[in-house]
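Construct the entire structure; sequences and hints are all you get.
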Amino acid sequence: MDLNMDLNAPHSMGTTIIGVTYNGGVVLGADSRTSTGMYVANRASDKITQLTDNVYVCRSGSAADSQLVSDYVRYFLHQHTIQLGQPATVKVAANLIRLLSYSNKNMLETGLIVGGWDKYEGGKIYGIPLGGTLIEQPFAIGGSGSSYLYGFFDQAWKEGMTKDEAEQLVVKAVSLAIARDGASGGVVRTVVINSEGVTRNFYPGDKLQLWHEELEPQNSLLDILNSPSPEPMNI
Amino acid sequence: MNFMASKQPENFLLGPESDSQRTLYPYVTGTSVVALKYKDGILMAADMGGSYGSTLRYKNVERMKPIGKHSLLGASGEISDFQEILRYLDDLILYDNMWDDGNSLGPKEVHNYLTRLMYNRRNKFNPLWNSLVLGGVKKGEKYLGTVSMIGVNFEDNHVATGFGNHLARPILRQEWHENLSFEDGVKLLEKCMRVLLYRDRSAINKLQIAKITEEGVTISQPYSLKTYWEFSAFANPAQGAVGTW
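Going line by line, the protein sequences match chains A and B. Residue numbers for the first sequence follow my numbering, beginning at 1 and rising by one. Residue numbers for the second sequence follow my numbering, beginning at 236 and rising by one.
If you are wondering where the hints come from, they were derived from the structure by calculation, not from laboratory data. All of these numbers come straight from a predicted model, not from anything done at the bench. Cβ atoms here follow ideal geometry from the backbone N, Cα and C, with glycine treated the same way. Take the hints with a grain of salt, since some may be wrong.
What the hints assert, rightly or not - Partner residues aside, some chain A positions facing chain B, computed with beta carbon under 8 angstroms:
no.: 1; residue: 102
no.: 2; residue: 106
no.: 3; residue: 129
no.: 4; residue: 130
no.: 5; residue: 131
no.: 6; residue: 132
no.: 7; residue: 133
no.: 8; residue: 134
no.: 9; residue: 135
Unchecked claim - Pulled from the structure, derived: some chain B residues nowhere near chain A, Cβ distances all over 10 angstroms:
no.: 10; residue: 285
no.: 11; residue: 319
no.: 12; residue: 347
no.: 13; residue: 376
no.: 14; residue: 388
no.: 15; residue: 461
no.: 16; residue: 474
no.: 17; residue: 476
Structural data, given as structure tokens:
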């Protein structure tokens, strides 16, 4: 009975995705790298996908699987909204994602973070990892890059942040993960959802804060040599 | 994101996984559940951890839930399967309530239902990857049973799942007796949970203790246990054996 029964950690999934609640709504964030093996197939992908006007999902893992699940759920939610006569709640969206993830657990390889705002519960984040467990959290992290963020969030997360604090936290976190995870990279995209609506933001890779052993990008070595800097070239 | 090959097993003895449904391995798992009978009913304890392989990923998972009026279910193993079992039980209890005949399913009946559920899935090679503990009181009768993912089921005065089988049950065998008071029962469970905290890698220090009596179910708020590290041999391991590793 030993064939494939090892209970090791499931294989890593390229990407860093984050969802954070704040006092008034949610902020979703993600990197933009899609890889095929070692090749970066798309360096500017959009991993934060719309399900309804007020609910979005961050996708990680297999691109195909996460896209299919999102498409089906968007389709179901559309019909549900028509029947209900009002916007779907975040909980319903998350449960539909769970339904597909759980019933196809043997074939799918995708971890999702559902985030949105509805008038009943306000801003909510639901994590749906591999296997189809549904878990409501004040913040959620996912994808291979998230391994590097557990310690960061243990320290930096605070209840009751403002919208700007939450967004800065998300951008910082995705940026830190990109610095260390080869499967994450590119730009940081964020989506803020609250009672007023949805705002998309874009933080290009070269505008992010520099971390340990990262250097300020230059146009050319020649600029360094020609600049009146006190540091001579060292060979 | 990875354009990996679909999740095929790495050997050729298993066919393509899309042919038939079979659960291969768990992802998000809960560790031990420990429970015992005491004077007024059942006491059950479980930590609030959801592990993802070796990562202690989720720290707020409620692994014990009330079922109907008379039962309490605790689960270890795959959390998504536990969530599915709760849905099955919701339907079962609803159906029972809709009879509106003054009768309600007791813990013995719920345990039997779960046993059939787990064993039938096992026979189809598609188990619900859980070990369950079902406790309750109905008409003064206390009941405590367990079912595993392969359908092994039994009832006893004290039960445990996972690591609890190896670490908690010996303690319970030694120290359990009939008509434990609530305080003694809680202390005994805490003794078991502390050992599990020291020795089970997937245990976390955040647990709940649940009580079920004729009056109903109470699940405590989450809390943490104090641990002891002050043995002199811990501070100076090499003292009695210089040069030891």
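Next item on the list: Compare the structure with the hints numbered earlier in the document and write down the numbers of the violated ones, lowest to highest.
Entry: 10, 11
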